[in-house]
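**Q** Take the sequences, apply the hints, and build the full model.
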Amino acid sequence: MAKMEVEFDRCKGCGLCVTACPKKIVEIQQEKLNKKGYYTAHCIDDDACIACAMCAMMCPDCAITVTGGKK
Amino acid sequence: MAEKSLMKGNEALAEAALRAGCKCFFGYPITPQTEIAAYLSKRMPKVGGVFLQAESEVAAINMVYGCAGSGIRCMTSSSSPGISLKSEGISYIAGADLPCVIIDVMRGGPGLGGIQPSQADYYQITKGVGHGDYHIIVLAPSTVQEMADCVTKAFDLADKYRMPAVVLADGLLGQMMEPVAFDDAEIVMSDASKKPWAANGHKNSRKHNIINSLYLQAPELERTIRERYERYAEIEKTETQAVADYCDDADIVVVAYGSTARLAKSAVDEARKLGIKAGAFRPVTLYPFPVNELNAAVKNAKKVLVVEMSMGQMIDDVKLAINCSRPVEFFGRTGGVIPAPAEILEKIKEMGGND
Amino acid sequence: MPDFKRPHALTDVYLHYCPGCTHGIVHRLVAEVIDEMDIEGDTIGVCPVGCSVMAYDYFNCDMMEASHGRAPAVATGVKRANPDKFVFTYQGDGDLAAIGTAETVHAATRGENITVIFINNTTYGMTGGQMAPTTLPGQITQTTPYGRNTDIEGFPVKMCEMLSQLDGVALAERVTVIDPANIRKAKAAIRKGFEYQKNKQGFSIIEVLSTCPTNWGLTPVKAIERLKNDMIPYYPLGVYKDAPVRNKEGA
Chain S
1 MAKMEVEFDR
11 CKGCGLCVTA
21 CPKKIVEIQQ
31 EKLNKKGYYT
41 AHCIDDDACI
51 ACAMCAMMCP
61 DCAITVTGGK
71 K
Chain P
72 MAEKSLMKGN
82 EALAEAALRA
92 GCKCFFGYPI
102 TPQTEIAAYL
112 SKRMPKVGGV
122 FLQAESEVAA
132 INMVYGCAGS
142 GIRCMTSSSS
152 PGISLKSEGI
162 SYIAGADLPC
172 VIIDVMRGGP
182 GLGGIQPSQA
192 DYYQITKGVG
202 HGDYHIIVLA
212 PSTVQEMADC
222 VTKAFDLADK
232 YRMPAVVLAD
242 GLLGQMMEPV
252 AFDDAEIVMS
262 DASKKPWAAN
272 GHKNSRKHNI
282 INSLYLQAPE
292 LERTIRERYE
302 RYAEIEKTET
312 QAVADYCDDA
322 DIVVVAYGST
332 ARLAKSAVDE
342 ARKLGIKAGA
352 FRPVTLYPFP
362 VNELNAAVKN
372 AKKVLVVEMS
382 MGQMIDDVKL
392 AINCSRPVEF
402 FGRTGGVIPA
412 PAEILEKIKE
422 MGGND
Chain H
427 MPDFKRPHAL
437 TDVYLHYCPG
447 CTHGIVHRLV
457 AEVIDEMDIE
467 GDTIGVCPVG
477 CSVMAYDYFN
487 CDMMEASHGR
497 APAVATGVKR
507 ANPDKFVFTY
517 QGDGDLAAIG
527 TAETVHAATR
537 GENITVIFIN
547 NTTYGMTGGQ
557 MAPTTLPGQI
567 TQTTPYGRNT
577 DIEGFPVKMC
587 EMLSQLDGVA
597 LAERVTVIDP
607 ANIRKAKAAI
617 RKGFEYQKNK
627 QGFSIIEVLS
637 TCPTNWGLTP
647 VKAIERLKND
657 MIPYYPLGVY
667 KDAPVRNKEG
677 A
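Residue numbers (this note's numbering), protein chains in the order written: chain S, 1 to 71; chain P, 72 to 426; chain H, 427 to 677.
A portion of the hints provided could be inaccurate.
[To be verified] Pairs of lysine-lysine, DSBU-like flavour, derived with a Cα cap of 35 Å:
#, chain 1, residue 1, chain 2, residue 2
1, S, 32, H, 654
2, H, 624, P, 265
3, P, 278, P, 265
4, P, 274, H, 654
5, H, 626, P, 274
6, P, 113, H, 624
7, H, 648, P, 274
8, P, 374, P, 308
9, P, 370, P, 390
10, H, 654, S, 35
11, H, 654, S, 24
12, H, 626, P, 265
13, H, 626, P, 113
14, H, 648, S, 24
15, S, 70, H, 648
16, S, 23, H, 626
17, H, 674, S, 23
18, S, 23, H, 611
19, H, 611, P, 265
20, H, 431, S, 32
21, S, 36, H, 626
22, H, 431, P, 113
23, S, 3, H, 648
24, H, 654, S, 3
25, S, 3, S, 32
26, H, 431, H, 626
27, P, 198, P, 348
28, H, 618, P, 117
29, S, 36, H, 648
30, P, 278, H, 624
31, H, 648, P, 278
32, S, 36, H, 674
33, P, 113, P, 373
34, S, 24, H, 624
35, S, 36, P, 278
36, H, 431, P, 278
37, S, 35, P, 278
38, S, 70, H, 618
39, P, 278, H, 626
If you are wondering where the hints come from, they were derived from the structure by calculation, not from laboratory data. A quick note: this is a predicted structure, and the numbers were derived from the prediction, not measured.
**A** Here you go:
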């Protein structure tokens, strides 16, 4: 199963992944600040993820890993 | 030692550099040291070395930084105005603890100055060159043979202490021809095998090496500088070198380095013929300054005379070294004018050597 | 699709760049190329002075920190002493196109077998957003508070166009990293530069149009829009030169 994961403390909440996602399922959460003081990105619908990794490609901090794409 | 051959100082130095395993030379033309580049441009390709004429002094010293950082013996050479341009790079090299050799064949300054011999860059070379808290090793030859010997020693000391070493000559020594002999040993280009810190590709067998002089945390920067100063203390203790002639019973000790020391020695020889008790003292290492050797040389002296091809720069170190325990007088010519032994002799007489 | 993971050639140190700064994307692309060519153990990177001054902490290959503008000279020193290693520089616009112009031009014209990654974000980021050689006409910066006036401050430098005139240049290509499609192209260009280096075929420069959200005073997403709307028309993307200077070694 496709899964997009954000390394919580590495993310700076810049939002570039949000714009890159073709499925519009990446958001910046507004509840919990990380160590550096940022609200971070997360996937709001794992089932809809197609593991295209566009979010990860856009991430300037290499904070995103994507697994489970169709081989 | 092989047979002696007659060579220019600049060429003897260049040949000795090759024989010390200097694999890469990066330079930029400037009088009066250009023979070094010309000689190496001919020789380097024949022995598997690299000669590259850079676009500027600034580029040349930074090529040295890169090459030295990869653990390879390398050298650049220049003359006074060019050394000013290299000073930034020299500071970075010292800050990154890289060994390399820099040749400075001094000419008259300031500004474009002139192309005649000078020693007006003693302050520049011995007091740091570029910005920051650091030293570089400075060797001052006074013969063509010593031009060769000093460059060999400079490479060894640079590697031993991981810092830049300068051979400080002047236009007179660079252009002068004298017999010189080299070791017969086969020329072997240096490699990085004994430099585990070198950034030359980790081959997936060690952590990555970083060549750097940036420390944003002040205490960390202070720590690196203090470590470097421990090395400097060791150098000051063990690496000084000087030559003293007739100093034991001398009333007047004449202190001079480089080609000027030869002129001073001639004046001292003449003075001795006249019955004046004069001695000659010649620092070979300018950093580390031979403090103990000088104090031993002036032990019985009443006065000290410093002779330089400048308005007086090394005289400060002489005064400090002997803690102004005796009067220190000065005679110098500058702007490319070479002091004559007769002038120096007059000064010795004037100082009361005729008593 | 294979899993998307951090390339080995990138260390796991947290990047110090501002949120949304595209430096990190370009770092990753260089690291991916190093991984794909399996050359981490044979690569030496040279960092500049500027925002990417601490890039030596971010790459797992051996690294050197150059003084401001001198990275191509430092890289030349490494490469001449170690002709079989891979050497790249990573430089910003102030470093490469202002204080280091001479080193850049001469490394290029010598056809040094090095790869230069050139980040053009039209500003001096590290010092707080002053005018860069690449600042656009009219652009407001800390030192052009009324906008860059070309009668006073002159015109921006177009490095790829300039360098493409030199015989020593094998590859001069301008790319950007504003979306995944362009990121793929940027990576292909970097890969080509390293391939030319592998074959000792001359100097390669990959200019990457990049954002500086902080000093532009824009959100990361708006900064991407500005790059698209203002920068690309002035600095057209594309290949300015692709002509190996030497035959592939051994060919």
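**Q** Against each hint, give a clear statement of whether it holds in the structure.
**A** Outcome of the hint check:
A distance of roughly 32 Å separates the Cα atoms of residue 32 of chain S and residue 654 of chain H; the hinted pair therefore holds under the 35 Å criterion. Distance check on the hinted pair: residue 624 of chain H and residue 265 of chain P sit about 27 Å apart at the alpha-carbon level, within 35 Å; holds. With a CA separation close to 17 Å, the supplied pair residue 278 of chain P and residue 265 of chain P stays within the 35 Å bound. Pair hint residue 274 of chain P plus residue 654 of chain H does not hold up; C-alpha atoms about 41 Å apart against a cutoff of 35 Å.
For a cut-off of 35 Å, the pair hint linking residue 626 of chain H to residue 274 of chain P stands: about 20 Å separates their Cα positions. Note on residue 113 of chain P and residue 624 of chain H: the hinted pairing holds, with a Cα-Cα distance of about 28 Å set against a maximum of 35 Å. For a cut-off of 35 Å, the pair hint linking residue 648 of chain H to residue 274 of chain P is broken: about 42 Å separates their Cα positions. A distance of roughly 26 Å separates the Cα atoms of residue 374 of chain P and residue 308 of chain P; the hinted pair therefore holds under the 35 Å criterion.
The hinted pair formed by residue 370 of chain P and residue 390 of chain P meets the criterion: a straight-line CA distance of about 14 Å does not exceed 35 Å. Of the supplied pair hints, the one linking residue 654 of chain H and residue 35 of chain S holds, its CA atoms being roughly 33 Å apart against a limit of 35 Å. Pair hint residue 654 of chain H plus residue 24 of chain S holds up; C-alpha atoms about 22 Å apart against a cutoff of 35 Å. Proposed proximity of residue 626 of chain H and residue 265 of chain P is supported: the alpha carbons are some 28 Å apart, at most 35 Å.
Taken as a hint, the residue 626 of chain H and residue 113 of chain P pair is honoured in the structure, with Cα atoms around 24 Å apart against an allowance of 35 Å. With a CA separation close to 18 Å, the supplied pair residue 648 of chain H and residue 24 of chain S stays within the 35 Å bound. Proximity of residue 70 of chain S to residue 648 of chain H is assessed by CA-CA distance (about 33 Å); at most 35 Å being required, the pair is judged to hold. Distance check on the hinted pair: residue 23 of chain S and residue 626 of chain H sit about 44 Å apart at the alpha-carbon level, beyond 35 Å; violated.
Between residue 674 of chain H and residue 23 of chain S, the direct Cα distance comes to roughly 45 Å. Violation of the 35 Å bound is thereby established for this hinted pair. The straight-line distance between the Cα atoms of residue 23 of chain S and residue 611 of chain H is roughly 23 Å, inside the 35 Å bound, and the hint therefore holds. With a C-alpha separation of about 42 Å, the suggested pairing of residue 611 of chain H with residue 265 of chain P is violated against the 35 Å cut-off. Taken as a hint, the residue 431 of chain H and residue 32 of chain S pair is honoured in the structure, with Cα atoms around 25 Å apart against an allowance of 35 Å.
Among the hinted pairs, residue 36 of chain S with residue 626 of chain H is inconsistent with the structure: their alpha-carbon atoms are about 44 Å apart, more than 35 Å. Pair hint residue 431 of chain H plus residue 113 of chain P does not hold up; C-alpha atoms about 51 Å apart against a cutoff of 35 Å. Restraint check for residue 3 of chain S and residue 648 of chain H: the C-alpha separation of about 28 Å stays at or below 35 Å, so the hint holds. Straight-line distance between C-alpha atoms of residue 654 of chain H and residue 3 of chain S comes to about 30 Å, which keeps the hinted pair within the 35 Å bound.
For the hint linking residue 3 of chain S to residue 32 of chain S, the alpha-carbon distance of about 21 Å falls within 35 Å, and the restraint holds. The hinted pair formed by residue 431 of chain H and residue 626 of chain H meets the criterion: a straight-line CA distance of about 31 Å does not exceed 35 Å. With a C-alpha separation of about 33 Å, the suggested pairing of residue 198 of chain P with residue 348 of chain P holds against the 35 Å cut-off. With a C-alpha separation of about 34 Å, the suggested pairing of residue 618 of chain H with residue 117 of chain P holds against the 35 Å cut-off.
At roughly 23 Å between alpha-carbon atoms, residue 36 of chain S and residue 648 of chain H fall within 35 Å of each other, so this suggested pair holds. Proximity of residue 278 of chain P to residue 624 of chain H is assessed by CA-CA distance (about 23 Å); at most 35 Å being required, the pair is judged to hold. Among the hinted pairs, residue 648 of chain H with residue 278 of chain P is inconsistent with the structure: their alpha-carbon atoms are about 39 Å apart, more than 35 Å. With a C-alpha separation of about 48 Å, the suggested pair residue 36 of chain S and residue 674 of chain H falls outside the 35 Å cut-off, and the hint is violated.
A C-alpha spacing of about 52 Å is found between residue 113 of chain P and residue 373 of chain P, which places the hinted pair above 35 Å, so the restraint is violated. Taken as a hint, the residue 24 of chain S and residue 624 of chain H pair is broken in the structure, with Cα atoms around 41 Å apart against an allowance of 35 Å. Taking the CA atoms of residue 36 of chain S and residue 278 of chain P, the gap is near 28 Å; set against the 35 Å cutoff, the hint holds. For the proposed pair residue 431 of chain H and residue 278 of chain P, the alpha carbon gap of about 21 Å is at most 35 Å, so the pair holds.
Between residue 35 of chain S and residue 278 of chain P the alpha-carbon distance is near 28 Å, which keeps this suggested pair within the 35 Å criterion. Taken as a hint, the residue 70 of chain S and residue 618 of chain H pair is honoured in the structure, with Cα atoms around 28 Å apart against an allowance of 35 Å. Distance check on the hinted pair: residue 278 of chain P and residue 626 of chain H sit about 27 Å apart at the alpha-carbon level, within 35 Å; holds.
Taken one by one, the earlier hints fail for this structure at numbers 4, 7, 16, 17, 19, 21, 22, 31, 32, 33 and 34, listed in ascending order.
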